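Colleague: Heads up: the sequence lines are chains A and B, in that order.
Residue 902 is where the first sequence starts when you use the numbering used here, and the numbers rise one by one after that.
Residue 309 is where the second sequence starts when you use the numbering used here, and the numbers rise one by one after that.
Heads up, a few of these hints could be off.
As the list claims (entries may be wrong) - Partial list, computed: chain A residues near chain B (C-beta under 7 angstroms): (1) 926; (2) 934; (3) 973.
Stated by the list, open to error - Okay, the calculated beta carbon distance ranges per label pair: (4) B:395 <-> A:934: 24 to 34 angstroms; (5) A:923 <-> B:371: 32 to 42 angstroms; (6) A:934 <-> B:357: 47 to 57 angstroms; (7) B:395 <-> A:955: 40 to 50 angstroms; (8) B:353 <-> A:937: 41 to 51 angstroms.
Said to hold, decoys possible - Covered stretches of chain B, as calculated for chain A (at least 3 residues, CB under 8 angstroms): (9) 437–444; (10) 469–476.
Quick caveat, the hints were computed from the structure, so don't treat them as lab data.
All values reported here derive from a predicted model rather than from experimental measurement.
Don't be surprised by glycine CBs; every beta carbon is placed ideally from N, CA and C.
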Amino acid sequence: MMTCQDDLVQMYVDGDLQPAEGDIVEAHLATCESCRRRAVFYKGLFWDLAHTERFAPASDLEPEALAEALRAEWVKGQEPKPVGAVALATLWFTANPVFTGTAHAAGRALASPAQAAGRALTGLGWRLIGRKGGGSR
Amino acid sequence: MDDRALIELCQCGHPAGFSRLLAAYQDRVYRTAYTFLRNREDARDLTQEVFLRTVRAVNSLDPDRPLWPWLRRVTTNLSLTLLKKRTPHLSLDALPESAQPQDCSAEPAWTQLEIREALGELPPLWRIVLTLRHQEELPYEEIARVTDLPVGTVKTYIFRGRRLLRERLALREGSHR
């Protein structure tokens, strides 16, 4: 036999009990005037608690101004992120003609002897081939 | 306009998206914040912050999922942060003792003002979990997730909160006689 239990009455009114538990509470409510009153009380209370938002006073927020602020916040979020120092330095060096000119000149200076050596070796090769050819005749 | 269209418009930065987002949810966020905070200025400031955070996170929002659970979560989290900052005793260790339930009158009869005042006398966390339970109809586990409280604590706050409200309202009703 169930004794008066406030938590169980709350759960019963809240629909939070298993069917078998609900049957036990219902049997108790049928015989207990005090718990029956309690259940009626909670039913009214829960309804009010489900509608507490109506207690809030009217808001004086201006939707247009807030919409503008939200749009500005969105635009701020779309701005490119700050670039790292290494990336900036690389960009500056590669885009600066002073440095790119020097690099080209250095490249040319290094390339000239190599090209000259290549030409000399090619000439020597042709001469050797010519001698071989001349010998077979 | 459904949530999907709202989210997609906001993700594109379309001005109509922000206007319609506010038209759909500003009042609900404000009223929920007011229920938690019981202060008009705080509720207004918090409402603005909720929407600013929503816009900052808009690209991570899934258009296929309803928007309100996200807004409710941000509203609850920001409210709890504000309350904890202002009310150092809003910890689990310093719960006020609930009075023992008393027998109350035959029929529930209280005014809106009385229940509003009785709610205002509850500890803020109790009020928040009660609101999430009854207004938002969330299961205990979801309330625990949103408030970052153990499920057992959530249940304790809910049962004690209701009992305390019942007692307060019964006392008020008794004083009218």
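Colleague: Each hint needs a verdict: does it hold in this structure or not?
Modeller: So, going through the hints one by one against the coordinates:
At its closest, the beta carbon of residue 926 of chain A sits 15 angstroms from a beta carbon of chain B; the interface hint therefore is violated under the 7 angstroms criterion. Against a cut-off of 7 angstroms between C-beta atoms, the interface hint on residue 934 of chain A is violated, since the closest Cβ of chain B lies about 9 angstroms away. With its C-beta approaching chain B no nearer than about 9 angstroms, residue 973 of chain A sits outside the 7 angstroms limit, and its interface hint is violated. One distance hint, 24 to 34 angstroms for the beta-carbon pair residue 395 of chain B and residue 934 of chain A, is violated here, with the actual separation near 40 angstroms.
For residue 923 of chain A and residue 371 of chain B, the Cβ-Cβ distance of about 40 angstroms falls inside the hinted range of 32 to 42 angstroms, so the restraint holds. Checked against the given bound of 47 to 57 angstroms, the beta carbons of residue 934 of chain A and residue 357 of chain B, roughly 50 angstroms apart, stay inside it. Separated by about 25 angstroms at the C-beta atoms, residue 395 of chain B and residue 955 of chain A break the suggested range of 40 to 50 angstroms. The hinted window of 41 to 51 angstroms between residue 353 of chain B and residue 937 of chain A holds, with their beta carbons roughly 45 angstroms apart.
Taking a C-beta to C-beta cut-off of 8 angstroms, the region 437–444 of chain B contributes 5 residues in contact with chain A, enough for the three needed, and the coverage statement holds. Residues of the region 469–476 of chain B lying with their CB closer than 8 angstroms to a CB of chain A number 4, which satisfies the three-residue condition for coverage.
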